[in-house]
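Enquirer: What follows is the residue order along each chain.
Number of protein chains: 2
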Amino acid sequence: VSADLKNAHAPNLATLGEFGLIDRLSARCRAAYPPRVRCGIGDDCAVIALPHSDEVLLYTTDLLVERVHFLRDGITPRQLGHKALAVNLSDIAAMGGTPREALVSLAIPPGIALAFLDELWAGLMDLADHHHTSVVGGDTTSSKVDLVLSLTLTGVALANRVLLRSGALVGDTIFVSGPIGESGAGLDALLGGKAADWPALVRRHLEPQPHLGVGQWLGQSGLAHAMIDVSDGMAQDLGHICEQSGVGARLFADALPLSPELVRYARAAGRDPADFALFGGEDYVLLCTGAAELGPRAAAAGHTLVAIGEVTASGFCLRGPDGDVPLRQAGFDHLRGAPA
Amino acid sequence: VSADLKNAHAPNLATLGEFGLIDRLSARCRAAYPPRVRCGIGDDCAVIALPHSDEVLLYTTDLLVERVHFLRDGITPRQLGHKALAVNLSDIAAMGGTPREALVSLAIPPGIALAFLDELWAGLMDLADHHHTSVVGGDTTSSKVDLVLSLTLTGVALANRVLLRSGALVGDTIFVSGPIGESGAGLDALLGGKAADWPALVRRHLEPQPHLGVGQWLGQSGLAHAMIDVSDGMAQDLGHICEQSGVGARLFADALPLSPELVRYARAAGRDPADFALFGGEDYVLLCTGAAELGPRAAAAGHTLVAIGEVTASGFCLRGPDGDVPLRQAGFDHLRGAPA
Numbered sequence: 001v002s003a004d005l006k007n008a009h010a011p012n013l014a015t016l017g018e019f020g021l022i023d024r025l026s027a028r029c030r031a032a033y034p035p036r037v038r039c040g041i042g043d044d045c046a047v048i049a050l051p052h053s054d055e056v057l058l059y060t061t062d063l064l065v066e067r068v069h070f071l072r073d074g075i076t077p078r079q080l081g082h083k084a085l086a087v088n089l090s091d092i093a094a095m096g097g098t099p100r101e102a103l104v105s106l107a108i109p110p111g112i113a114l115a116f117l118d119e120l121w122a123g124l125m126d127l128a129d130h131h132h133t134s135v136v137g138g139d140t141t142s143s144k145v146d147l148v149l150s151l152t153l154t155g156v157a158l159a160n161r162v163l164l165r166s167g168a169l170v171g172d173t174i175f176v177s178g179p180i181g182e183s184g185a186g187l188d189a190l191l192g193g194k195a196a197d198w199p200a201l202v203r204r205h206l207e208p209q210p211h212l213g214v215g216q217w218l219g220q221s222g223l224a225h226a227m228i229d230v231s232d233g234m235a236q237d238l239g240h241i242c243e244q245s246g247v248g249a250r251l252f253a254d255a256l257p258l259s260p261e262l263v264r265y266a267r268a269a270g271r272d273p274a275d276f277a278l279f280g281g282e283d284y285v286l287l288c289t290g291a292a293e294l295g296p297r298a299a300a301a302g303h304t305l306v307a308i309g310e311v312t313a314s315g316f317c318l319r320g321p322d323g324d325v326p327l328r329q330a331g332f333d334h335l336r337g338a339p340a
Numbered sequence: 001v002s003a004d005l006k007n008a009h010a011p012n013l014a015t016l017g018e019f020g021l022i023d024r025l026s027a028r029c030r031a032a033y034p035p036r037v038r039c040g041i042g043d044d045c046a047v048i049a050l051p052h053s054d055e056v057l058l059y060t061t062d063l064l065v066e067r068v069h070f071l072r073d074g075i076t077p078r079q080l081g082h083k084a085l086a087v088n089l090s091d092i093a094a095m096g097g098t099p100r101e102a103l104v105s106l107a108i109p110p111g112i113a114l115a116f117l118d119e120l121w122a123g124l125m126d127l128a129d130h131h132h133t134s135v136v137g138g139d140t141t142s143s144k145v146d147l148v149l150s151l152t153l154t155g156v157a158l159a160n161r162v163l164l165r166s167g168a169l170v171g172d173t174i175f176v177s178g179p180i181g182e183s184g185a186g187l188d189a190l191l192g193g194k195a196a197d198w199p200a201l202v203r204r205h206l207e208p209q210p211h212l213g214v215g216q217w218l219g220q221s222g223l224a225h226a227m228i229d230v231s232d233g234m235a236q237d238l239g240h241i242c243e244q245s246g247v248g249a250r251l252f253a254d255a256l257p258l259s260p261e262l263v264r265y266a267r268a269a270g271r272d273p274a275d276f277a278l279f280g281g282e283d284y285v286l287l288c289t290g291a292a293e294l295g296p297r298a299a300a301a302g303h304t305l306v307a308i309g310e311v312t313a314s315g316f317c318l319r320g321p322d323g324d325v326p327l328r329q330a331g332f333d334h335l336r337g338a339p340a
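Residue numbers (the working numbering), protein chains in the order written: chain A, 1 to 340; chain B, 1 to 340.
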């Protein structure tokens with residue numbers, strides 16, 4: 001094989017994609033984890049054992065970059081501060097955990113007013129206070145062009161009840177903790193210049209509410225087996241559970257919780273509302289698998305869990321009026337972009 | 001007072017500076033810390049109490065932004081990965097702590113080759129392995145222009161021995177754990193296009209070595225009272241200790257550990273080598289205060305601590321051949337830039 005041929009086949013970032021890159025880089029870390037690392041790269045949070053404790057520590061981090069994750073004139077600074085923390089809180093929720101401490105870093109480009117930062121901070125701190133989360137550190141620096149926010153959040157969970165992506169069992173029911181697709185439709189409206197006509201959908205995209213209450217209840221119930229939050233698109237996020245659990249999944253098209261507002265938007269846009277629900281992303285509801293009685297048990301406890309499918313031995317499909325059709329595990333990939 | 005006058009006096013980012021902004025934003029967090037937050041925003045690490053443990057958790061985070069903290073053609077990717085972790089390890093060292101877990105986020109602009117990321121990762125992982133630090137999570141995303149790295153590092157320290165900035169006592173001796181000013185001179189050489197002539201100084205800037213060994217020894221000795229790492233410039237970092245301890249300081253000009261290479265560089269550049277030592281920054285040595293016998297005790301244990309001054313009741317000065325002269329608390333401010 002000549003050097004040229006070898007180069008032609010060498011992987012690059014676009015062919016690897018976000019998840020291929022993570023696999024490539026994390027191989028060396030994973031090989032050397034000490035026993036206290038109960039779960040490292042590859043779940044919503046890292047899980048670290050604490051000596052002499054029935055609790056584990058949870059760590060998660062998210063980077064928000066201007067012109068990639070948000071446009072400065074497409075979101076208010078208060079919403080931006082809220083969302084930066086909300087997406088991390090959602091990762092803690094996805095483990096069945098309770099948030100504790102946050103670290104907040106800002107890279108500030110020229111032209112950002114102090115009032116913008118005050119508002120951003122107010123949005124972040126209002127949500128932090130609501131969820132009893134303490135901001136204990138961070139870093140402030142300048143940047144040349146784009147505003148960057150980096151948040152790290154810690155949390156705790158019961159050691160024997162922490163919910164990983166890898167625990168799904170064949171026969172489990174698949175649940176989501178709220179309507180899906182609204183955030184994706186809101187983004188579509190924003191990008192199409194129709195935000196003023198669809199304020200509820202746009203707010204679902206700009207002001208996601210992390211599902212901590214139902215997450216903690218699921219963690220304590222002992223009836224759930226696997227969980228993830230819906231950030232990159234439901235099909236892709238369910239795909240992560242299937243891969244890491246070594247199982248398949250069948251979703252039921254008529255069970256997807258599509259809100260009337262989403263259905264109206266999809267009709268107006270000439271789109272299938274299920275496309276937003278399956279591939280839209282950023283809903284920040286929880287997707288979990290477990291015993292069928294989780295649904296009624298959750299309802300009795302004041303929580304919402306909608307059964308949308310079942311865990312199978314293999315395959316990945318959507319059952320619609322014409323029977324089972326293969327489902328793409330597609331969703332947002334930050335190094336490739338939106339699904340084709 | 002008219003609205004115009006009020007606006008003229010309204011604070012902005014440049015007048016506030018990095019530390020004014022941190023004070024402004026952190027006021028609300030500090031007011032609400034629960035008892036488990038033993039130290040929040042304002043030290044090298046946050047310090048969090050653990051139930052049923054004689055250890056505390058340490059958290060620190062740093063953001064590295066292209067064209068602000070580094071130039072892509074001024075540092076090798078391997079050095080960049082090393083440095084991103086080293087500056088966080090130095091914060092753990094400054095508490096007398098031991099590093100544990102790291103979270104690494106990357107925002108990757110177009111045109112970055114996979115080989116660049118492989119090298120960056122190798123530099124980071126080599127240092128992580130050397131200090132038994134596990135990379136347990138992170139986030140990968142794209143960016144439009146600049147490469148951004150965000151690292152969060154956790155550590156542990158003995159609860160009754162953790163070294164804050166606020167513990168300095170009048171009469172303490174002030175020590176540094178190695179030569180100072182070389183990194184600042186190396187940066188000066190880099191920016192002046194003379195890197196090839198001063199490889200040792202440039203390497204001190206691009207490949208800082210965190211002083212974890214002496215930091216842990218200081219934490220266990222019980223003889224040190226306050227500690228910080230020298231990141232923004234020694235005078236400014238000592239100023240943080242003085243402010244947070246409510247004390248003053250006197251440095252002795254002839255005691256500053258200036259390496260022969262730094263002295264040679266300063267002579268060639270027509271500069272005072274003490275300027276690099278006092279205001280240069282990024283040396284990542286430790287600056288601590290404590291009992292005078294720390295120096296010989298450290299030497300006996302195989303560590304270096306150089307006595308450079310004394311903690312006084314008030315004032316901030318440098319004693320030179322002409323007696324005491326006031327010392328500027330100047331150093332790098334990311335929202336204002338280098339000292340005038």
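Keep in mind the hints are simulated off the structure, nothing from the lab. Don't take every hint at face value.
[To be verified] Label pairs and their calculated CB-CB ranges:
#1 B:Asp254 x A:Asp118: 40 to 50 Å
#2 B:Pro110 x A:Gly74: 20 to 30 Å
#3 B:Asp254 x A:Ala113: 18 to 28 Å
#4 A:Asp275 x B:Asn160: 56 to 66 Å
#5 A:Ala269 x B:Arg203: 54 to 64 Å
#6 B:Val325 x A:Arg24: 53 to 63 Å
#7 A:His52 x B:Arg271: 47 to 57 Å
#8 B:Asp254 x A:His130: 48 to 58 Å
#9 A:Arg67 x B:Gly323: 51 to 61 Å
#10 B:Pro110 x A:Gly270: 24 to 34 Å
[Unchecked claim] In silico SDA-like pairs for lysine to any residue, Cα to Cα no more than 25 Å straight-line:
#11 B:Lys144 x A:Thr140
#12 B:Lys144 x A:Leu191
#13 A:Lys144 x B:Pro11
#14 B:Lys144 x B:Asp73
#15 A:Lys144 x B:Glu66
#16 B:Lys144 x B:Ile75
#17 A:Lys144 x B:His52
#18 B:Lys144 x A:Thr15
#19 A:Lys144 x B:Asp73
#20 B:Lys144 x A:Leu335
#21 B:Lys144 x A:Ala49
#22 B:Lys144 x A:Phe116
#23 A:Lys144 x A:Pro110
#24 A:Lys144 x B:Pro109
#25 A:Lys144 x B:Arg336
#26 B:Lys144 x A:Pro11
#27 B:Lys144 x A:Arg24
#28 B:Lys144 x A:Pro110
#29 A:Lys144 x B:Trp217
#30 B:Lys144 x A:Gly192
#31 A:Lys144 x A:Arg67
#32 A:Lys144 x B:Pro199
#33 A:Lys194 x A:Gly20
#34 B:Lys144 x A:Leu16
#35 A:Lys144 x B:Gly17
#36 B:Lys144 x B:Glu119
#37 B:Lys144 x A:Ser221
#38 A:Lys144 x B:Thr304
#39 A:Lys144 x B:Arg78
#40 B:Lys144 x A:Glu18
Predicted model, so just to flag it, every value in this text is computed and none were measured. Beta carbons: idealized from backbone N, C-alpha and C, even for Gly.
Enquirer: Taking the hints in turn, state whether each one holds.
Expert: These are the hints, each one checked on the structure:
1. For Asp254 (chain B) and Asp118 (chain A), the hinted distance range of 40 to 50 Å is satisfied, since their beta carbons lie about 47 Å from each other.
2. Look at Pro110 (chain B) against Gly74 (chain A): about 22 Å separates their beta carbons, and that is inside 20 to 30 Å.
3. Roughly 47 Å separates the CB atoms of Asp254 (chain B) and Ala113 (chain A), a value that falls outside the hinted 18 to 28 Å.
4. Judged by the Cβ atoms, the range 56 to 66 Å given for Asp275 (chain A) and Asn160 (chain B) holds: they are separated by roughly 58 Å.
5. Checked against the given bound of 54 to 64 Å, the beta carbons of Ala269 (chain A) and Arg203 (chain B), roughly 57 Å apart, stay inside it.
6. Range check, Val325 (chain B) to Arg24 (chain A): Cβ separation about 55 Å, and the 53 to 63 Å hint holds.
7. Look at His52 (chain A) against Arg271 (chain B): about 55 Å separates their beta carbons, and that is inside 47 to 57 Å.
8. For Asp254 (chain B) paired with His130 (chain A), a C-beta distance near 56 Å keeps the hint of 48 to 58 Å intact.
9. Separation of Arg67 (chain A) from Gly323 (chain B) is about 56 Å and conforms to the stated range, judged on CB atoms against 51 to 61 Å.
10. The hinted window of 24 to 34 Å between Pro110 (chain B) and Gly270 (chain A) holds, with their beta carbons roughly 32 Å apart.
11. Simply put, Lys144 (chain B) and Thr140 (chain A) have alpha-carbon atoms about 20 Å apart, close enough for the 25 Å limit, and the pair holds.
12. For the given pair, Lys144 (chain B) sits about 18 Å from Leu191 (chain A) by alpha-carbon distance, which is consistent with the 25 Å threshold.
13. As the CA atoms of Lys144 (chain A) and Pro11 (chain B) are separated by approximately 22 Å, the hinted pair is consistent with the 25 Å bound.
14. Our distance criterion of 25 Å between C-alpha atoms is met by Lys144 (chain B) and Asp73 (chain B), whose separation comes to about 18 Å.
15. Distance check on the hinted pair: Lys144 (chain A) and Glu66 (chain B) sit about 8 Å apart at the alpha-carbon level, within 25 Å; holds.
16. Under the criterion of a C-alpha separation no larger than 25 Å, the hint pairing Lys144 (chain B) with Ile75 (chain B) is consistent with the structure, at around 21 Å.
17. Taking the CA atoms of Lys144 (chain A) and His52 (chain B), the gap is about 46 Å. The hint is violated against a cut of 25 Å.
18. Distance hint between Lys144 (chain B) and Thr15 (chain A) is fulfilled; the C-alpha atoms sit about 19 Å from each other, no more than 25 Å.
19. Simply put, Lys144 (chain A) and Asp73 (chain B) have alpha-carbon atoms about 17 Å apart, close enough for the 25 Å limit, and the pair holds.
20. Note on Lys144 (chain B) and Leu335 (chain A): the hinted pairing holds, with a Cα-Cα distance of about 11 Å set against a maximum of 25 Å.
21. Of the supplied pair hints, the one linking Lys144 (chain B) and Ala49 (chain A) is violated, its CA atoms being roughly 38 Å apart against a limit of 25 Å.
22. As the CA atoms of Lys144 (chain B) and Phe116 (chain A) are separated by approximately 22 Å, the hinted pair is consistent with the 25 Å bound.
23. As the CA atoms of Lys144 (chain A) and Pro110 (chain A) are separated by approximately 7 Å, the hinted pair is consistent with the 25 Å bound.
24. Proposed proximity of Lys144 (chain A) and Pro109 (chain B) is supported: the alpha carbons are some 14 Å apart, at most 25 Å.
25. A threshold of 25 Å between alpha carbons decides the hint, and for Lys144 (chain A) with Arg336 (chain B) the separation of about 13 Å falls inside it, so the pair holds.
26. Of the supplied pair hints, the one linking Lys144 (chain B) and Pro11 (chain A) holds, its CA atoms being roughly 22 Å apart against a limit of 25 Å.
27. About 23 Å separates the Cα atoms of Lys144 (chain B) and Arg24 (chain A), which keeps this hinted pair within 25 Å; it holds.
28. Restraint check for Lys144 (chain B) and Pro110 (chain A): satisfied, since their Cα atoms lie roughly 16 Å apart, inside the 25 Å limit.
29. Simply put, Lys144 (chain A) and Trp217 (chain B) have alpha-carbon atoms about 40 Å apart, too far for the 25 Å limit, and the pair is violated.
30. Only pairs whose Cα atoms come within 25 Å are accepted, and Lys144 (chain B) paired with Gly192 (chain A) is accepted, the gap being roughly 21 Å.
31. A hinted pair counts as satisfied when its Cα atoms are at most 25 Å apart, and Lys144 (chain A) with Arg67 (chain A) qualifies at roughly 14 Å.
32. With a C-alpha separation of about 28 Å, the suggested pairing of Lys144 (chain A) with Pro199 (chain B) is violated against the 25 Å cut-off.
33. Between Lys194 (chain A) and Gly20 (chain A), the direct Cα distance comes to roughly 35 Å. Violation of the 25 Å bound is thereby established for this hinted pair.
34. For the given pair, Lys144 (chain B) sits about 19 Å from Leu16 (chain A) by alpha-carbon distance, which is consistent with the 25 Å threshold.
35. For the given pair, Lys144 (chain A) sits about 16 Å from Gly17 (chain B) by alpha-carbon distance, which is consistent with the 25 Å threshold.
36. In summary, the hint linking Lys144 (chain B) to Glu119 (chain B) is supported, as the alpha carbons are separated by about 21 Å, within the 25 Å threshold.
37. At roughly 44 Å between alpha-carbon atoms, Lys144 (chain B) and Ser221 (chain A) are farther apart than 25 Å, so this suggested pair is violated.
38. At roughly 39 Å between alpha-carbon atoms, Lys144 (chain A) and Thr304 (chain B) are farther apart than 25 Å, so this suggested pair is violated.
39. Using a Cα cut-off of 25 Å, the hinted pair Lys144 (chain A) and Arg78 (chain B) holds, with the two alpha carbons roughly 23 Å apart.
40. Restraint check: the Cα-Cα separation between Lys144 (chain B) and Glu18 (chain A) comes to about 16 Å, which is no more than 25 Å; the hinted pair holds.
Violated hints, listed in ascending order, are 3, 17, 21, 29, 32, 33, 37, 38; each of the other numbered hints is respected by the structure.
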